[in-house]
Amino acid sequence: MLVLDDVRFSHGANGTPYRFSMSAAPGEVTAISGPSGSGKSTLLDLIAGFLRPSSGAIKLDGVDLLPPRPERRPLSILFQSDAVFDHLSAGANVALGLPRNTPRAERGGAVSRALADMGLAGLERQRASTLSGGQKQRVALARTLLRDKPLLLLDEPFSALDDENRARMRALIARLTAERGWTTILVSHHEDDIAALARQTYAIRDGELVPSTMAAP
Amino acid sequence: MPPSAERLSRPYRPFRLAAGAGLSLAILGLVILVLSSILRAAGAEGESAALRVDIPHLLRMSAIQAGLSTALSLFVGLLIAWALNRLRFFGRDLVIALFATAIVTPGVVVAFGLLTIWGRNGWINRTLEALLDTGIGNPIFGLGGILLAHVTLNGAFAARILLARLDAIPAARLKTGQSLGLGAFERFRIIDWPMLRGTLPGLGAIIFLLCFTSFPIVLLLGGGPANQTLEVAIYSAVRLDFDLRGAVVLALVQIIVCSGIILATTALSPVPASTGPSRAQTWADGTMARLLQWLVLGLGLGAFALPLIVVIVDGLGPGLGRVIASSSFWSAAIASVAIGLASATLTLALALALGLGRAAATDRWLKLVLGLPAFAYLAVPAIVLALGFFLFVRDMGVSPTRAAPIVLVLANALLALPFAIATLGPPLEALASSRGRLIRALDIGGFRQFQLLEWPLLARDMGVVFALAFCFSLGDLGVISLFGTDSFSTLPLLMVRALGAYRTNDAAVIAALILLLTLFAFLALPRLFAWIANARSR
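Protein chains in written order, with the numbering used here: chain A, 1 to 217; chain B, 1001 to 1538.
Among the hints, a few may not be true.
As the list claims (entries may be wrong) - Which bits of chain B does chain A cover? Going by a derived footprint, with three or more residues having C-beta under 8 Å, they are: (1) 1004 to 1015; (2) 1133 to 1139; (3) 1436 to 1443.
Don't read these hints as lab results, they were simulated from the structure. Heads up, the beta-carbon is just placed ideally off N, CA and C, and yes, glycines get one too.
Required output: the full structure, derived from the provided sequences and hints.
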């Protein structure tokens, strides 16, 4: 269970004051909606550790998430933009999601399976700079899912995908979240994504999280 | 106080920070040690001898020479950049690459090339005497020759930097201008000039500093004490007049003047060191403007390329076999290449350590400390550092001859460091700030970050740094002039000695070989680094 308890933050003295409280259950997708600039990405940055709240608490299964540095937090995050390294191959990008101690013999197979799950089989050696926007997004998603951390943060994960791939990715995330008991936070503009995936939805209004009804049945 | 968003969004690299800060302080310590040797020598010499150097005259002449060189170089560079930006022709990339080599073309080679054209026995005099039985005397010695050499080198350097600024004009701005039907002059005033004017003061300050501290060109073309710079005066005081007190006083004046210029420069917009590829414009100016552009380009290309061509033509002549058969040539060549490789390796290691440390730092003061070594060496130029090392090793009871190779490697590495940091610093900084969150989110460690990101992305820039440092060292005459002996020499010193002994053919061969080696290194090394990085990533 992820709990944000009166987490306060502001971008500088004149920035919008944010005040976030929410809870998200494991094995479920919790969606965050809101117009551009409302603070959705700020919320993810606070959870991921790229921003430090001025007060409040963020806990995952009762454990305080605030002390560890971003790279030590038990989470994986998919950024909205610049999520792949263009000079590396698709396979090398995905391999960055594997644990460091993964035996060399297992790495290739794990990467190929992750790419195949995304409908990108056979693109292991293709340089990321030559992929389309949608393919890059799926490469980044494959890497994020491969990290297999208890908390999954997704910032507009389907924005560059066509309808077919969007449906496929949604189904994959729903299945993995349920099977592995991840606590998944989905930030999205798209009502249909939220409706298809989320059990619980919050909207950001005037810097605060408000429970919303736009959720999957 | 909570850590800033910038700090949390950059990779956490305490080892890089510690290594960078430690090296930065070590370099500063070295410079301070060398300076203290100079100050101690100044104290020890005391009032024992009257000062034999005319400092106000030296300062006045250096300032006039450097001021004129700077103004002319900027004007010429501006014209060439304008012409190159507008014209589309076969071989444009080659011409631009030729101008880019100005930064590494040794002053000693350009000076020799100009002597070969304009000297008493130069091409022009020989041609005129053959055709008209008259000559033009020896116009290359004195202020005119110095200006010609400085403008030849720095005009080309300025052209390459300014061309990069013109290339950076947004396409939308050009389309707007074209759709409004702007003429050539209006186009320059409204679109080009706003892009250029911010760069000119910083570029001018760099050129002024290069000309103010010019050594080989003034040594070869100065024509005597009347046109000396402080650097040449220091060399003369140590090696010719044995006036150590004079040298020390001159060194202190040099440090004060250069530090003042650098402090003033820091207030100006920085000059980008990395120029990248240049794309030709599709919007051509009118016929008259194009004619003028072709004329400018032809003259500019001729003025820069001709001295280099004559060096190669004269050098690869009948004297070649004799020179390369001599043992002194091979020992100087081996020394030059070995010192060049060692100082290039050291420069790259220092620039990487400082650049990686600086990119990992978010604290303003730590960033300043990590950037200081670049300024330290500009403020303490080659000949002054060499003098300090000379005094330091002498005080330690070590023979300058024995210490020479190490001092040359150190001094040449520090000489190239400001350019190396200017080349590697911005892309390392950009990588850390744009990809820092992703690197942290994926928990990529420091070594993997280098292996996966910094090395493949910046291998070519690292090759540029290695090549710059190698070429600077290969063409250095300042440091070796104080440490060279009959038994220990480098190619530039061997060349100057051959000139001094009226063995002009030998000097021509050595100049040609220095030039060819420099051009080869400058063009091949960045490609070699990029090729290695690509081969590893395949």
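The hints, checked one at a time:
1. 1004 to 1015: Since three or more residues must qualify, the claim that chain A covers the stretch 1004 to 1015 of chain B holds, with 4 doing so at under 8 Å.
2. 1133 to 1139: violated (count 0)
3. 1436 to 1443: holds (count 6)
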